[in-house]
Amino acid sequence: MSDVSGRVRRAFGDHNSFENRDGGTFESTATAFDGRVGVKEDGAEVTFDVTVRVPMLDAVVEGDVADVVEDGWYETFALRTEDIGGVTKADRDLTVDVRREGEEAVVETSFSDVNERRGVDDAGAVIDYVEGTYVQGVIPGYEYTDPVASLISRASEAAGSDSGTPL
Numbered sequence: 001m002s003d004v005s006g007r008v009r010r011a012f013g014d015h016n017s018f019e020n021r022d023g024g025t026f027e028s029t030a031t032a033f034d035g036r037v038g039v040k041e042d043g044a045e046v047t048f049d050v051t052v053r054v055p056m057l058d059a060v061v062e063g064d065v066a067d068v069v070e071d072g073w074y075e076t077f078a079l080r081t082e083d084i085g086g087v088t089k090a091d092r093d094l095t096v097d098v099r100r101e102g103e104e105a106v107v108e109t110s111f112s113d114v115n116e117r118r119g120v121d122d123a124g125a126v127i128d129y130v131e132g133t134y135v136q137g138v139i140p141g142y143e144y145t146d147p148v149a150s151l152i153s154r155a156s157e158a159a160g161s162d163s164g165t166p167l
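Numbering (this note's numbering), first residue to last: 1 to 167.
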């Protein structure tokens, strides 16, 4: 992808959760997973190609995960990510592609917007949604390694507090 305009770079820079990687690709710094946004401009319209890579369960647990458990987890994760359009500011009917690549599940979607700031916000929301969906789908009873162990710990801490006061 080629270099993007100043307005798009500023929108990503002001968002504070992305770093520019190669002119047209921005990496999320707000997630433990690999979340990237590729950007293409066509006049005033900006296309955001969002890709999030998350580990399959077997890649982040001590020991083995049975194939039937791994397959069931993946199918559920894929179904849950279909609702991803509901987290965006703009009313978007997003097509989501979820596939397995080795020890990862890859979630991809794409959308266009003439408002680059709203588009960056929506790209960040999509990445956050994938991370949240992943954490919700973690199966109890396994000993998880990082980055999932850290995500579970953060989620537990957040759930155990109400306005900063521990329960």
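Hints in this document: simulated from the structure, not taken from any laboratory.
All of these numbers come straight from a predicted model, not from anything done at the bench.
C-beta: ideal position from N, C-alpha, C; glycine also.
There could be a bad hint or two in this list.
As the list claims (entries may be wrong) - Pairwise CB distance ranges (calculated):
1. V114 - G160: 35 to 45 Å
2. T47 - E101: 15 to 25 Å
3. R99 - E62: 22 to 32 Å
4. D64 - D3: 16 to 26 Å
5. T47 - T145: 13 to 23 Å
6. A155 - V106: 15 to 25 Å
7. E143 - D42: 45 to 55 Å
8. T145 - A90: 12 to 22 Å
9. V114 - D64: 28 to 38 Å
10. D64 - D97: 24 to 34 Å
11. D97 - I152: 25 to 35 Å
12. G132 - D91: 12 to 22 Å
Evaluated hints:
1. V114 - G160: 35 to 45 Å: 42 Å, holds
2. T47 - E101: 15 to 25 Å: 23 Å, holds
3. R99 - E62: 22 to 32 Å: 26 Å Cβ-Cβ, so the 22 to 32 Å window holds.
4. D64 - D3: 16 to 26 Å: Given range 16 to 26 Å: violated, Cβ gap about 45 Å.
5. T47 - T145: 13 to 23 Å: 36 Å, violated
6. A155 - V106: 15 to 25 Å: Holds: the Cβ-Cβ distance is about 23 Å, inside 15 to 25 Å.
7. E143 - D42: 45 to 55 Å: 48 Å, holds
8. T145 - A90: 12 to 22 Å: Taking Cβ atoms as reference, T145 and A90 lie about 37 Å apart, which means the hint is violated.
9. V114 - D64: 28 to 38 Å: 49 Å, violated
10. D64 - D97: 24 to 34 Å: 28 Å, holds
11. D97 - I152: 25 to 35 Å: 27 Å, holds
12. G132 - D91: 12 to 22 Å: 21 Å, holds
Of the numbered hints given earlier, the model fails hints 4, 5, 8, 9; all others are met.
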